[in-house]
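Protein chains in written order, with my numbering: chain E, 27 to 789; chain F, 401 to 627.
In short, the hints are calculated from the structure, not lab data.
One or more of the hints may lead you astray.
[As the list claims (entries may be wrong)] Label-pair ranges, simulated between beta-carbon atoms: (1) E/Leu-384 to F/Arg-539: 39 to 47 Å; (2) E/Leu-33 to F/Ser-570: 53 to 61 Å; (3) E/Gly-312 to F/Ala-456: 39 to 47 Å; (4) F/Glu-597 to E/Leu-384: 37 to 45 Å; (5) F/Asp-535 to E/Ala-31: 30 to 38 Å; (6) F/Val-411 to E/Pro-404: 31 to 39 Å; (7) E/Pro-404 to F/Glu-526: 40 to 48 Å; (8) E/Ser-782 to F/Glu-526: 49 to 57 Å; (9) F/Asp-535 to E/Ala-29: 53 to 61 Å.
[Said to hold, decoys possible] Which stretches of chain E does chain F cover? Using the computed rule of at least three CB atoms under 8 Å from a CB of chain F, they are: (10) 307-319; (11) 396-403.
For clarity, every value in this text was computed on a predicted model and none was experimentally measured.
Quick reminder that beta carbons are idealized off the backbone N, C-alpha and C, glycines included.
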Amino acid sequence: MRALAALRAAFGEAVRMLRPRRRRTILGALGIALAAAMLSAAVVVGDGLGLGFDRAARAADLPDIIARFDAQPLGRVGARIAALPDVTGYSLRFEATNTGIAGRGHERGDAVAEVVDPRRRRGYAIVAGRDLRPGRREVLLERGFAQAWGVHLGDTVYVGGLGPQRVVGFVEAPDNVGFPLAKPRFYLSRQEIEQRFDTDHDPDTNLAEIWLRNPRYLDEVLVQARATSFGLHDIRFATRSGLRVLLDQAAGIVIDLLVALSVIALVTAGAMLAASARAEVQRRLGTIGVRRAVGASRGHVTLSHAVEALLVAAPAATIGLAVGALATYGPASRLLTLLNEPPPGTGLGLPLAGAWLLSVAIPVGATAWPAWMAAGGPVVAQLGGGDVSASGAGARRLSLRGRGLRLLGARLVAARRVRLVATVVTLGLSTAFVLLMLALASALSALETDPGALGKRYQLTASLAPDLAPRVRAIPGVQASAPRYQVLAADSFSLGETINVIAYPSDHTEFEAPQLVSGRRLRGSHEAEVGAGLAAALGLAPGSTLALALPSGTELRLRVSGVVSSLDHDGRMAFVPASALLAADPSAPSQIAVRLVPGSSPARVAAALRALGARPSQATTAVGRGAPLVAVLRTILRAVAIVDGLVCLYALIQACALTVQERRRTVAVLRACGAGPAAVRQLLTGAALALVLPAALVGVLLERLLFGPALSRLAASYATLPLGATLAEVLATLGGLAIAAALAVAWVARQAGRESVVAELAG
Amino acid sequence: MLRAEGLTKTVGVGRAARLVLNGVSLAVESDEVVAVLGRSGSGKSTLLHLLGGLDAPDRGEITLAGERLTGRGARALARIRLLHVGFVFQQFQLIDELTGAENVLLATRLPGAPAGGAGRARKLIEELGLARVADHLPRELSGGEQQRFAIARALVNGPELVLADEPTGSLDGENGAAVLELLRGLAGRAVVIVTHEPEAAGIADRVLHLIDGRLRLGEAVEEEASQ
């Protein structure tokens, strides 16, 4: 009861204390809301992306191994899998590519039809509707695909060769990214197809899903699977752990960025609120002394300050948290849909509650601590009142030699050295992050539009026989052309990783010249250059042996001459001589790579290629069908950059407001001496410049020397991403910082001008 | 020089509202020193703030150097203070991080301040006998020295009116007397000193008492007291 009464008394006092300082309260609440918004954005995106794959894999009962191969009779493949060790279950499908599907006014001829047996383990999650029932004209659509086409449950779609099928469910299968990053996928029942076409012979399969008892033995099972796969052509393995690594790599960048930014926002808000609370407590020292003199305990004084902070922080944190979560839940869910992963849903409740507690606890602690310290001092000293200006022995000598109010403003800010450093570091970090966002956006654009970002020097490919390369070279506008062989191989010892093997008959650097990281270019017919991603995955270095298991079933062994930096296929690349590849696999598929004369028209050359009977296509960029993913990433980056800019603005406003609050007598004396609004603005401009100039320097240096290189490594350890901000980006960011400073000065000067000189002089 | 007519001012709100000035009128000429005496809380400082344009009366009108103060905006009032008014405060109100000389110079660096401020500041510092301690911080100065620097700051832009609020309130007797003497010697300026210390009356050309919100001549008050 006594505790309740004390709390009630503290609550009443807190309300009374809040009333007269509405503007400062609003400013403090803004800071808390901003930090909470940033934190909840980090929680939503971090939880969504960080745990999305696990959630999706769990829901879909994702197999440990997915093997794709040329079509084989189902019984034959089943017998081979059943013979593998440690297998707890398997499911066989037929995956038909380039299938036609139409519905809701859309039509595609390149969809992937998965013919499944609904009675066996599935490997996909039903997120709406129900699963297929054997023998009915039903279809399941991938969720992203259904959303993109606007298909609802119960609608009818038309499948090539099958006619109308009723949509009974939507699915997510995290073994591949969703539409439109990948081709549209839909699922049909094997029994229905067998009934329709009256097939009683052993049906074909070309995809096997395998569940292991103990996933730790994955490598051993893969080795065994490879050994018993004779007769299966073009076999490719994907593993659950391999899929997870790929997705984590992409999500990791976004999560790390958001977490770093939310920490900055929290530290900024915490530091500013602590400074503000300290100034406020100093200002109220006399009142605290009176309360202590009439018998209020130190704990009661602290409690009333803590409750006061709670009254501001709780609603501000709630609003900020809600805004941040609502702003990011949509883009994060879209991103997850693209990745075939479910949104976090109610699972977010607990992390968001934790974020709310943190957002409230920091300001409450930041307020209670100075109150506790102040209330602990001698009552007589407290009754003497608090002058928040630096005085007595703490005052440092300033110099005005030949300069005026701006210098005074700068010196007033510099008088609080710890806060100056904290604010400069905060602004510097924010500046560095904005620069990083801009550099990232530029890098994404380059990857999206410029094949050269992948080291590709050819612009077109043509589906023509290799012996037609000289005829292609003769086309006006063509600088060089050569057959480009490409196969997906596996490492003989670690079969979970696929390797993109590329071969040219002559020097490949004429067409593809990814940056050499170590070693040298390949020279002989028994050498290979490997991507840094592959080198890292397999522990390869110049001088190592690369053992490639080719789709034909043969093995190709080459000596690694050098390691190159390539973004393509996550750096799991190998450039080999065409002679070596063709000796091992004479049927390796090829196209003609066409390098154009600078300035020549690709359209004209493409027309000439068509005349030769080829289907020319543009050289692929790193993004390709990933454009929607890039768009979502850009949305998130943009939102983060905006919040980051607001953090800068808030830090500047708080720093200027604190300077005015703490030095209100100085400002009042100046105003009494005849300083008008312009003079106050000059004073604050000096204060803002003292913060902004070093922060700009810190920001640019941090981005150039630390964040850019670090993120570049984080984003793709297998390639060099150009994440150094350009001069234009630096100037734009500094311009933004200057605008934020100008806004802060104008706002705080306006507020200062409204204060009564008489009241401020009286302290 | 300074004309105030029918000034009324209420401070506080609701039940705490109190009429501190009730139709105060005052005229001060150049070269005249007027002392306004009154008990603590009688409204002396409020009157001074109104005369200097730091606060606005509820009713009444103030004219300073031919310019009306009442009804003017913050910007205009700041300009009037800069050019026509010098304030001297009881607590000196020097900026702690600036030396005595720099505190004086600061007023000359305000936008719109008359040119030649540095020369005037140097001259004032010498005239007030502060050259020796010009580079000292306020905490290194005696109370009397601090108040003299504050007076130098008030005078540096050449105001026609000096308003001193309890200028000797924080000084011992000797320093207080020196400061009063200094204010007495400000030739060519109107000086209004508000204080509760009767010593100030000794240097004033005219002594007024603020009683119950009204100004009364010193002689009349003394006469009433003797009766």
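Hints, verified against the model:
About 42 Å separates the C-beta atoms of E/Leu-384 and F/Arg-539, a value consistent with the hinted range of 39 to 47 Å. Separation of E/Leu-33 from F/Ser-570 is about 43 Å and departs from the stated range, judged on CB atoms against 53 to 61 Å. For the pair E/Gly-312 and F/Ala-456, the supplied restraint of 39 to 47 Å is violated, since their beta-carbon distance comes to about 28 Å. F/Glu-597 and E/Leu-384 have their C-beta atoms about 57 Å apart, which leaves the hinted 37 to 45 Å range violated.
Distance hint for F/Asp-535 and E/Ala-31: a CB-CB separation of about 58 Å, inconsistent with the stated range 30 to 38 Å. Under the hint 31 to 39 Å, the C-beta atoms of F/Val-411 and E/Pro-404, about 32 Å apart, fit the expected range. One distance hint, 40 to 48 Å for the beta-carbon pair E/Pro-404 and F/Glu-526, holds here, with the actual separation near 44 Å. Separated by about 36 Å at the C-beta atoms, E/Ser-782 and F/Glu-526 break the suggested range of 49 to 57 Å.
With their beta carbons about 58 Å apart, F/Asp-535 and E/Ala-29 fall inside the hinted range of 53 to 61 Å. For a cut-off of 8 Å, the count of residues in the stretch 307-319 of chain E with a CB near a CB of chain F stands at 0, and the three-residue condition is violated. Using a Cβ-Cβ cut-off of 8 Å, 0 residues of the stretch 396-403 of chain E lie near chain F, which falls short of the minimum of three, so the contact claim is violated.
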